[in-house]
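Student: Sequence:
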Amino acid sequence: MRKIDPVKHEQKRRDILEAAGRCFAKDGFRGASISSICSEAKISAGHLYHYFASKEAIIEAMAATGLEHAEARFNHLMKSDNPIEGLIAEIEQANTQSCSAQQHQIDMRAKKQLHVDMLAEAGRNPAMAEIVNQHSTKIRGMLATLLETAQKRGQIDQTLDPDLAAAILLSAMEGVGNMTMRDPELDMKKKLEMLSTLIKRFLTPSSGK
Numbered sequence: 001m002r003k004i005d006p007v008k009h010e011q012k013r014r015d016i017l018e019a020a021g022r023c024f025a026k027d028g029f030r031g032a033s034i035s036s037i038c039s040e041a042k043i044s045a046g047h048l049y050h051y052f053a054s055k056e057a058i059i060e061a062m063a064a065t066g067l068e069h070a071e072a073r074f075n076h077l078m079k080s081d082n083p084i085e086g087l088i089a090e091i092e093q094a095n096t097q098s099c100s101a102q103q104h105q106i107d108m109r110a111k112k113q114l115h116v117d118m119l120a121e122a123g124r125n126p127a128m129a130e131i132v133n134q135h136s137t138k139i140r141g142m143l144a145t146l147l148e149t150a151q152k153r154g155q156i157d158q159t160l161d162p163d164l165a166a167a168i169l170l171s172a173m174e175g176v177g178n179m180t181m182r183d184p185e186l187d188m189k190k191k192l193e194m195l196s197t198l199i200k201r202f203l204t205p206s207s208g209k
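Heads up: the sequence shown runs through residues 1 to 209, numbered per the numbering used here.
Where hints are given, some of them may not hold.
DSBU-like cross-link-like pairs, simulated, lysine-lysine; straight-line CA separation at most 30 Å [unchecked claim]:
hint, residue 1, residue 2
1, LYS3, LYS26
2, LYS112, LYS189
3, LYS79, LYS200
Note that these hints are calculated values from the structure, not bench results.
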């Protein structure tokens, strides 16, 4: 039996996920077939099924990768003196990237299209609904922990419910991102600046408002 090279195996797995991401962005979850993903990844269907059992399994792996990146960012923010200022700084950094690099704008739009497609698919596909729910719960939990830490330090309004506040903030962030598709002519820089202002005003302790 041939021994599997873990490095090559992981690289091929990432290649398949990237190829699937391009297909989902182009054709949607339902429109993208296993055949088209295989063609994009330059592998056979049998080879793909060696890594992923279904399109849902591919989405689940993509979501898991996103969670790993999010966890790393949140851990970095938790170590900062003021995690909320760090969160605002990340938004401002995204502002700079989105306004200065055309390719970044294209990539972000593709990610938002896939996100909206996943939400739509979740309404009719129980497996997708479970993936979306788990991803949302974990991201909200990370942000809620960040907010709770900031509350203990007296950096944000201590009367806020961390979990509910996290859900509201995530909705606002996702909403601004989705505006890229609904209203592509709106100035991204101004949208992100207003989002930063909204977050600051929402979280500022009552005495500082």
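Student: Now look at each hint and say whether the structure bears it out.
Tutor: Now for the hints, and whether the structure bears them out:
1. Between LYS3 and LYS26, the direct Cα distance comes to roughly 36 Å. Violation of the 30 Å bound is thereby established for this hinted pair.
2. For the given pair, LYS112 sits about 17 Å from LYS189 by alpha-carbon distance, which is consistent with the 30 Å threshold.
3. Between LYS79 and LYS200 the CA atoms are separated by roughly 20 Å; this keeps the pair inside 30 Å, and the hint holds.
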